[in-house]
Structures are given as C-alpha cells and as structure tokens.
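Trainee: So you can see what is in the structure, the chains are spelled out below.
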Amino acid sequence: MAPENNQDESLLELFVFETGQNAQQLEQVVLAAESQGGFSHDQVNEVFRIMHTIKGSAAMMSFVGIAKLAHRMEDLFFYIRENPEASYDSRAVSDMILSCMDFINQELERIRSGEPADQEDNQLLIHRIDLLMSVMTGNSEPHAGCSAKPPAGVSAPAPVPLGSESPGAKRYKAIILFEDGCAMEDVRAYSVTVEVGEYAKVLSYEPQDIMENGESAARVREHGFTIRFETELSLEEVRKKLMQTVFLSELDLVCETVEAAPTEAGHDDAEAHEGHPEAAEAPEASEAAKKPAANQDSTAQYHQQPQSIISVSVNKLDLMMDLMGELVIAKTMVVENPEIAKLEVADFNKSAAHLSKIVTEMQELVMSMRLVPLSATFHRMQRVVRDMSNTLNKDVHLTLIGEDTSVDKNVIEHIADPLIHLVRNSIDHGIESAEERARAGKSPTATVTLEAQNAGGNVLVSIRDDGRGLDREKILARARANNLLTKPESEYTDREVYNMIFLPGFSTNEKVTEFSGRGVGMDVVMQNISQIGGSVAIESEPGKGMNTLLKIPLTIAILDGMNVSVGDTRLTVPIAAICESFKPRQQDILKDIDGNEMIMVRGECYAVLRLHRQWNVQTSVTQLTDGILMMVEQDGKKRCIFVDKLVGRQQVVVKALPAYLKKTPLSRCLSGLTLLGDGSISLILDAGWLVETSINGQ
Amino acid sequence: MTAEASALISVLVVDDAAFMRLAIKNVLNKHGFTVVADAKNGQEGVDKYKEFKPDVVTMDITMPDMTGIEALRLIREFDPNARVVMISAMGQESMVKEAILSGAKSFIVKPYKEEHITQTLLKVASKC
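Protein chains in written order, with my numbering: chain A, 18 to 715; chain B, 2 to 129.
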C-alpha cells in the first residue's frame with residue numbers, strides 16, 4: 018500500500034531526525050555537567066527523560082539495539098535520580114553516556130543510509146552500564162530498575178474484610194485473564210481493583226501483592242487475576258462492566274451469594290450512584306463554571322503564540338535555489354534582450370529595473386534562508402577536544418568566538434570534517450606535553466581558539482593554538498626525504514614551507530596516534546576547502562603557536578565570476594581568484610630557456626597559460642598584446658591566464674557538471690557550468706587547476 | 002468494533018516526542034478516529050483539553066515541564082469524567098499505578114501494537 022509506505026517513511030525520517038537531536042542535546046547536557054564537575058538534579062532528570070524518549074521511539078521502530086541501550090541508561094539515571102545521596106563517578110557516567118551516544122549515532126547513520134540496523138553488538142556497552150550500576154547499588158541488586166517501589170502515598174484500596182455485608186449486596190467472584198502481549202498485567206489487574214472499587218466493595222484479590230511485587234505480572238498472565246467483591250448490581254450489570262476491561266480475554270464471573278430476591282429499587286439506586294452520564298454532567302458543568310477565566314486565559318495565550326518557525330526539507334531549499342538561479346537567468350534574458358533594446362518601448366526600462374530589484378531581493382532572501390549558524394559545528398568540537406585531551410593527557414581549553422556566524426548549509430557540510438581535522442591536529446601536534454609547556458614557561462592549560470567572522474561574501478574561520486608552532490627545519494627535512502623540494506632550501510619563504518604540510522602524503526609526526534593518523538588529512542582539508550572555492554592559509558610562530566585561516570564563501574551555489582571569451586568559447590573565472598587583469602606590453606613579454614612564455618609584472622615573472630593553446634580553441638587573438646592577461650592566485654600560487662577579452666562581471670548560478678562531462682579530462686579543469694544572460698553556456702574554470710596544470714608547449 | 006464506532010471518537014494526543022505523536026496519530030487516523038489536536042507537554046495538553054474537550058486523551062507519562070500525571074490531575078480537576086489513557090513504557094509500573102489512582106482510565110505500554118491503541122481507546126471511550 019503506497020500511502021502506508023509513505024507514512025512509514027516519514028515516520029522513520031522523523032525518528033532519525035528527532036533521535037539525532039535528542040542525542041545532540043544529551044551530549045550538551047553531559048558536557049555542561051562535566052564542566053561543573055557533576056550532574057545537577059535537573060541534568061539527571063533531563064538525561065533520564067531523553068533516554069526514555071529515545072527508548073520509546075526506538076522500540077516503536079523495532080530498533081532493538083538502541084532501545085535496549087537507552088533502557089539501561091534510563092535505569093541507571095533513574096537510580097541516580099531516586100538516590101541523590103548515592104555516590105558515583107560522574108566522569109565514568111558521562112564517559113558511558115557519550116559512548117552510548119556514539120553507538121546510537123552510528124546506528125542512526127546506518128538507518129539513514131538504508132542499511133539494516135542492529136548489526137553491531139552493544140553487549141559490551143550494556144555490560145559496562147550494568148557494572149556501573151552494580152558498583153553504585155553496592156552489588157546488592159544489580160538490576161534495580163524503575164520497577165522499584167510504588168511512590169509514597171500510593172496504595173491499593175485496602176480489601177474490606179469478609180463478612181461486612183450490606184443489605185441487598187451480592188458477593189461476586191471474577192477471574193480475569195488478559196490477552197497475550199498486553200504487558201504489565203499486574204498493573205492492569207490493579208486498575209481492575211480500582212475500577213471495581215467504584216461500584217463495589219472489594220473484598221479480596223489474588224495475587225495479593227500486585228502492587229508490591231513485579232513478579233506477580235507473570236502469575237496474572239498465567240493463572241489470571243481473581244477478585245472478590247460485593248455490590249448491589251446484578252450479575253449481568255457486573256458482567257457488562259467487567260467486559261469493558263481493556264485487553265480482557267476471558268472472564269469467569271460467578272455470584273457467590275445465595276440468591277436473595279433482587280429488588281428493582283436496589284438496581285436503580287446503584288445506577289444513580291455509579292456515575293451515569295446524566296448524573297455526571299452536573300459536576301462537570303459546575304466545575305467548568307468555576308474557572309472560566311483560567312480557561313479563557315490559557316486558550317488566548319495559546320492563540321497568541323502561533324508557530325513562528327517551520328522546518329523545511331533541504332531538498333526543497335535546493336530546488337528553490339535552482340529555480341531562483343533560473344529566474345535570474347530568465348530575467349537577464351528578458352531585460353538584456355538585444356531585440357527589445359532596439360525597440361523604443363516606453364516604460365520598459367522602468368519595469369525592467371523594477372523586476373531586477375525584486376529578483377535581487379528575492380535572491381538574497383533565498384540565500385539567507387539557507388544560512389545556518391556555525392554553532393552546531395563549533396560545539397561538536399567541544400567533544401573532540403574533550404576526548405583528545407583525555408586520551409593524550411593534555412589540558413586543553415577550547416574557546417569559541419563568533420559561533421553565530423552563518424554560512425550556507427552545503428558549505429557547513431564541507432567544512433565540518435576539515436575543522437575536526439585541524440582541531441585534532443592542533444591538539445595532537447601543536448600543543449606540547451605538560452612538562453614541555455612548563456619548561457617553556459607557558460600556562461599548563463593550553464588554549465585552542467575557534468573563531469568565525471564575516472568578511473564580505475566570505476566567512477573567515479581561524480583555528481588558533483598556543484602550542485609549539487610549526488618547525489620549519491622539520492618540514493624541510495621531511496620534504497627533502499620525500500623529494501618534494503624544487504629549489505634550494507634557503508630560497509623557500511616561511512609561507513611556502515608551511516604550505517608543504519598540505520601536500521599529499523606529508524606528515525612530520527613520526528608517531529601515529531588514534532586521532533591524527535598518518536598524514537592523510539591535511540591534503541584532504543585543502544581539497545575539501547578548495548572544492549567549495551575557499552582557501553587555507555597558515556601563520557605560525559615557533560614557540561607561540563599556529564593559526565590556520567580558512568576563507569570560505571558564504572554560499573557555493575552562486576559565484577561572483579568574471580566572464581571571458583576565448584574564440585567562441587565563453588568561460589567564467591571566479592572573481593575571488595583574480596588578482597588583476599591587464600593588457601601586456603611587448604617589452605614585458607619574456608621567454609625562458611625552454612621557450613616558455615613569461616610575463617614581467619612589477620619586477621616579478623609569472624608563467625603565462627594560453628587557454629586557446631591549452632585546449633586548441635580556434636581564435637583570431639594569438640598575440641599576447643592583442644588579448645588580456647588575467648593574474649590568478651590560488652593557494653599562494655600565481656599565474657597569468659591569456660584570454661581574448663573580458664566580457665563582464667556577473668553573479669552566476671553554479672550548475673554541477675553533467676554526468677557525461679564528469680568522465681572526461683575536462684572535468685578536472687572545470688568546477689561547474691553556468692548559463693549566461695543570452696542563454697549561452699559558460700564553463701566555470703577551476704582556479705586550482707589554472708595555477709596547477711602543466712602548460713602545453715609551443 | 003467497526004470503523005464507524007471509532008469515527009465519532011475525538012482524541013487529543015499528548016507526547017513530548019514528535020515521533021510518538023506522529024506514530025499514534027497515524028494509527029488513529031488509519032482506524033478512523035478523529036485526532037482533534039496534539040500537544041507537546043503537560044501544560045499544552047491541559048490547555049488543549051479545555052479547548053477541544055476530546056472524548057479521549059492519550060497522555061505520555063514522562064515529559065518535560067509538566068509530567069503526564071500532573072496534567073492528568075489538572076484535566077480531571079477540570080473535568081472529573083475526562084477519559085485519559087496513559088502511554089507508558091515498561092519499567093514505569095509505579096507511575097502507571099499512580100496515574101490510575103489519579104483517575105487514568107487505562108494505559109498503553111510502549112512499544113505497542115496498533116490494535117492495542119485502537120482497542121484501548123474504543124473500550125475507554127465506550128465506558129460510562
């Protein structure tokens with residue numbers, strides 16, 4: 018059934034989403050508790066409640082692994098809540114929770130990607146919880162869960178001793194069996210006693226310990242629940258009432274009183290006492306009349322707080338962004354249509370300007386809707402820092418600045434991993450051991466600072482530490498060993514040396530730790546960041562620490578580009594990568610001994626990349642002095658690109674390369690495609706490729 | 002009981018987990034109940050009860066701010082005939098007992114089967 022499948026799908030989606038949020042919230046609580054040095058009463062409650070929710074939802078979806086684990090955690094926190102004086106190692110407990118959350122997050126990830134859940138064994142975790150529990154409870158009852166004692170003040174209605182017969186009353190005995198699988202049979206039996214108590218005097222019931230003994234559920238399940246009571250109601254009336262018991266499977270009801278002639282009047286009395294709807298209406302009405310004010314107030318309040326935030330699927334936002342892009346292009350096609358420009362249409366320009374203004378505003382709005390604050394990503398680092406400082410035995414404090422800074426949802430996804438990697442790197446390699454810090458006269462607590470700030474269309478994220486900084490000699494030595502040097506060591510600037518750590522397969526750390534791995538990573542950081550059109554720069558001062566600066570575009574869907582032409586081909590170069598464009602003079606054009614063209618700009622020589630030659634494009638512009646040179650910088654490398662002419666600057670909507678282009682070598686040079694105002698397609702050049710690619714000779 | 006019997010029954014669903022609300026609502030809608038409102042905590046549940054006067058309320062026990070049992074008491078104070086069914090989990094026996102003493106008409110144990118909910122609600126709604 019299709020609709021049902023849909024329903025299940027959205028249920029699953031909601032489950033994954035909400036459980037993920039719960040897990041995140043839990044992590045925050047635990048970290049907060051840890052920084053205070055223990056769990057407050059409220060925090061215990063909150064952990065308990067969240068675990069309870071996760072357990073319930075997971076059990077509903079039949080994710081047994083999650084449900085079981087959450088159940089044990091819930092038990093543990095129930096115990097802590099009910100026994101505030103119990104002493105426990107809060108550190109061990111929070112470690113426990115975090116491990117459990119890791120497990121749950123893994124499971125969620127699996128569920129999200131459509132893999133079967135419950136593949137992994139969590140027996141070890143459960144065993145660890147049980148161990149904690151038994152230490153806490155002093156080994157006496159290793160599994161004292163929620164099924165402890167009933168709260169004070171709650172007790173079963175005391176069975177009335179036999180023999181206190183009131184006139185006209187008859188004695189009944191009922192044996193009740195519940196349906197299989199209805200759960201909590203003892204409580205169900207108990208609720209029968211309460212219900213029967215409403216119209217009859219309960220004399221006795223069996224098992225008697227339904228309130229106190231959790232084991233009684235099994236007895237009720239197998240042998241049923243026997244209750245004796247006396248009432249003036251007739252057998253049929255009693256049967257009718259008992260038949261309403263939820264999950265009743267069998268009822269055996271007998272009247273034990275020797276039949277005395279039943280009086281009709283007795284019946285009527287009983288019915289009137291017993292809360293018939295008509296009789297009950299009166300108190301309800303008066304009750305309602307008593308507090309009309311309160312009633313109105315709360316309803317009014319409810320209406321005053323309409324839901325002000327809704328959640329929308331990211332897919333829809335992506336689609337909207339796409340359509341917005343199409344709209345921008347369509348607008349340009351209309352407004353700048355050369356045919357229309359020829360016509361003398363009154364008011365067209367005015368209307369066109371108006372349209373352009375609205376489209377621009379809307380575009381900004383659509384972009385802003387996709388902006389998400391970095392705070393969630395930043396807060397994830399708390400956990401990274403905590404785990405690492407524990408394992409590496411370094412005392413590290415994480416400072417977050419500007420976590421409200423927002424960037425596009427897609428961008429966040431791309432920078433989360435690089436950030437984790439950089440923070441790990443800082444702690445693992447940058448921060449010294451406690452002894453080393455003491456020797457250097459630094460405070461024993463090291464600081465890692467994550468800072469984000471807006472800068473035009475970019476966001477600057479910096480990861481700073483006050484560790485030992487980068488070691489120029491060590492890096493050079495490693496580069497030498499790996500044959501990465503291309504010129505004499507003394508000629509390398511500090512910046513060039515530092516940038517070497519981004520080369521694939523480069524690592525100065527001999528030891529491989531759990532966290533930092535074997536030097537795969539820094540190059541991946543670089544890759545991830547340049548993929549979204551950002552850049553990475555490193556500043557470092559020996560003994561003072563290092564600072565990694567990420568420059569990230571606010572959004573990757575819209576690019577500020579310079580349109581250029583080579584022959585009939587239209588190309589777009591990201592403005593961010595362009596340093597300058599100029600018409601070269603003949604005397605500045607040089608050739609090195611291999612015949613490669615160079616251009617001299619303010620005393621510096623730059624290699625020239627002729628795009629028409631690179632791709633064999635037919636063009637009439639082949640003399641450097643006839644065309645335009647565009648200086649492009651990426652990752653600290655500069656090069657001059659030769660194009661026929663500049664067409665103009667434009668914000669373009671980036672479209673991914675179609676599948677058939679992805680397989681061609683061309684895909685390495687392009688970061689995407691875009692539609693220009695006249696409907697033609699422009700190729701967006703990848704700045705990284707422009708400065709990296711080898712230049713085709715003459 | 003038939004679907005026609007359930008069609009006349011209005012239900013208020015109170016649960017702090019959006020997932021649980023959706024799960025319960027799905028089942029109820031499928032079986033023809035009318036879910037008139039849902040609430041995400043005890044206080045909201047009480048307010049909505051006063052607003053909609055549903056035939057039956059499903060009430061989660063563990064919720065932030067105001068627990069289901071407190072909400073149950075307030076609802077019963079407002080309407081002594083209110084029919085509230087607690088949604089509980091295994092291990093909450095003592096709380097369920099407390100709820101029943103406070104006037105809950107029945108309870109459903111998570112994880113439940115569809116027919117557990119429908120059966121319980123139908124029985125509770127038809128009780129007089």
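It cannot be assumed that every hint is accurate.
Cut-off 27 Å, straight-line C-alpha distance, at most; resulting in silico cross-link-like pairs (DSS-like, lysine-lysine) [claimed, not checked]:
no. : chain 1 : residue 1 : chain 2 : residue 2
1   : A       : Lys672    : A       : Lys662
2   : A       : Lys426    : A       : Lys459
3   : A       : Lys85     : A       : Lys190
4   : A       : Lys654    : A       : Lys568
5   : A       : Lys258    : B       : Lys124
6   : A       : Lys411    : A       : Lys491
7   : A       : Lys85     : B       : Lys124
8   : B       : Lys54     : A       : Lys85
9   : A       : Lys218    : B       : Lys124
10  : B       : Lys26     : A       : Lys333
11  : B       : Lys31     : B       : Lys54
12  : B       : Lys114    : A       : Lys654
13  : A       : Lys654    : A       : Lys600
14  : B       : Lys124    : A       : Lys257
15  : A       : Lys426    : A       : Lys679
16  : A       : Lys190    : B       : Lys124
17  : A       : Lys374    : A       : Lys359
18  : A       : Lys258    : B       : Lys114
19  : B       : Lys41     : A       : Lys257
20  : A       : Lys333    : A       : Lys359
21  : B       : Lys54     : B       : Lys41
22  : A       : Lys258    : B       : Lys41
For the record, the hints were derived by calculation from the structure and aren't laboratory data.
Trainee: Does each hint hold? Answer for all of them.
Mentor: Consistency of the hints with the structure:
no.	hint	result
1	A/Lys672 with A/Lys662	24 Å, holds
2	A/Lys426 with A/Lys459	39 Å, violated
3	A/Lys85 with A/Lys190	40 Å, violated
4	A/Lys654 with A/Lys568	16 Å, holds
5	A/Lys258 with B/Lys124	11 Å, holds
6	A/Lys411 with A/Lys491	23 Å, holds
7	A/Lys85 with B/Lys124	31 Å, violated
8	B/Lys54 with A/Lys85	37 Å, violated
9	A/Lys218 with B/Lys124	23 Å, holds
10	B/Lys26 with A/Lys333	25 Å, holds
11	B/Lys31 with B/Lys54	22 Å, holds
12	B/Lys114 with A/Lys654	65 Å, violated
13	A/Lys654 with A/Lys600	21 Å, holds
14	B/Lys124 with A/Lys257	12 Å, holds
15	A/Lys426 with A/Lys679	24 Å, holds
16	A/Lys190 with B/Lys124	22 Å, holds
17	A/Lys374 with A/Lys359	23 Å, holds
18	A/Lys258 with B/Lys114	25 Å, holds
19	B/Lys41 with A/Lys257	36 Å, violated
20	A/Lys333 with A/Lys359	39 Å, violated
21	B/Lys54 with B/Lys41	17 Å, holds
22	A/Lys258 with B/Lys41	33 Å, violated
Of the hints listed earlier, those the structure fails to meet are numbers 2, 3, 7, 8, 12, 19, 20, 22, in rising order.
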